[in-house]
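Asker: Chain by chain, the residues run as shown.
There are 2 protein chains.
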Amino acid sequence: MSRYDRHVFVCINERPKGHPKGCCLEKGSSEVRDAMKSLIHERGLKDRVRVNNAGCLDACAHGIALVIYPEGIWYGGVKKEDVQEIVDRTIVRGEVIERLVISDPTYAPSRRQFDPLEKP
Amino acid sequence: MSRYDRHVFVCINERPKGHPKGCCLEKGSSEVRDAMKSLIHERGLKDRVRVNNAGCLDACAHGIALVIYPEGIWYGGVKKEDVQEIVDRTIVRGEVIERLVISDPTYAPSRRQFDPLEKP
Chain A
0 MSRYDRHVFV CINERPKGHP KGCCLEKGSS EVRDAMKSLI HERGLKDRVR
50 VNNAGCLDAC AHGIALVIYP EGIWYGGVKK EDVQEIVDRT IVRGEVIERL
100 VISDPTYAPS RRQFDPLEKP
Chain B
0 MSRYDRHVFV CINERPKGHP KGCCLEKGSS EVRDAMKSLI HERGLKDRVR
50 VNNAGCLDAC AHGIALVIYP EGIWYGGVKK EDVQEIVDRT IVRGEVIERL
100 VISDPTYAPS RRQFDPLEKP
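Residue numbers (numbering that gives the first Met the number 0), protein chains in the order written: chain A, 0 to 119; chain B, 0 to 119.
One chain only, chain A, in its complex shape (with noise of 0.2 Å):
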């Protein structure tokens, strides 16, 4: 067993306005970051998940973009309103949600269904 169960990487590169890759820090990754953080936290999570600011995840088409290791699933086009349902089926379930997966097949994660973090 690794430090953390799960590790959220979120991205929240800046480029300069106006930039033609954009970022994903303008698309709202800060608030999806503080979001998951508040959730893993209020859940009793917070010694078996961490969630990390990240450095560019070279996935700027598919932003916001993040990756949840070790199992290396990597969502796009994140918004707010999908973190609890981020912390609920995939951190917590081991479920990957679909529509999050970034369609880049290079992306795909190597299975759909994960161990979850309570046996049932």
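Simulated from the structure, these hints should not be mistaken for laboratory data.
Some clues are possibly wrong.
Heads up, the list lumps identical chains together, so a pair's fine if it works in one copy or across two of them.
Below, computed lysine-lysine pairings styled on DSSO-like, alpha-carbon distance capped at 30 Å [what the hints assert, rightly or not]:
| hint | residue 1 | residue 2 |
| --- | --- | --- |
| 1 | Lys45 | Lys26 |
| 2 | Lys26 | Lys79 |
| 3 | Lys20 | Lys36 |
| 4 | Lys16 | Lys79 |
| 5 | Lys20 | Lys45 |
| 6 | Lys45 | Lys16 |
Model the placement of chain B on the given structure of chain A, informed by the hints.
Answerer: Chain B in isolation, oriented as in the chain A frame:
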């Protein structure tokens, strides 16, 4: 297979000077990151290995800290001089470098050997 074969997150958190916890940035973590990124590019691995900035990894007492996923290998006390060995042994060959593993057992890797990037 996830987007990257190895994804390295180097803590570049900065705290105010004199903060009792210290921080990885003042210990030189941005140089560690730069050296690792350069070497990954030189070795032609940039499509398979990514080195990212991370916010505080909550391993402040063990800084400079980094974590390598999907394996969840946590290294602490990393110096710029360790970067080449980390790339050659851990990133390419999948070996854990015991002297760099954070001594707190909660950071212990689940195994001592992981899949190499290239099968021999």
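Asker: If a hint holds in the structure, say so; if it does not, say that too.
Answerer: Going down the list of hints, with the structure as the test:
In this assembly of identical chains, Lys45 and Lys26 lie within 30 Å of each other by CA distance both inside one copy and across copies; the values are 26 Å within and 26 Å between. Only within a single protomer do Lys26 and Lys79 lie at most 30 Å apart by alpha-carbon distance; the minimum there is 10 Å, versus 34 Å between protomers. Taking the shortest alpha-carbon separations for Lys20 and Lys36, both the intra-copy value of 27 Å and the inter-copy value of 21 Å come in at or below 30 Å. Taking CA atoms no more than 30 Å apart as the test, Lys16 paired with Lys79 passes inside one copy only; the shortest distance there is 22 Å, against 34 Å between copies.
For the identical chains of this complex, Lys20 and Lys45 are inter-copy neighbours only, at 19 Å across copies versus 33 Å inside a copy, given an alpha-carbon limit of 30 Å. Taking the shortest alpha-carbon separations for Lys45 and Lys16, only the inter-copy value of 27 Å comes in at or below 30 Å, while the best intra-copy value is 34 Å.
Taken one by one, the earlier hints all hold for this structure without exception.
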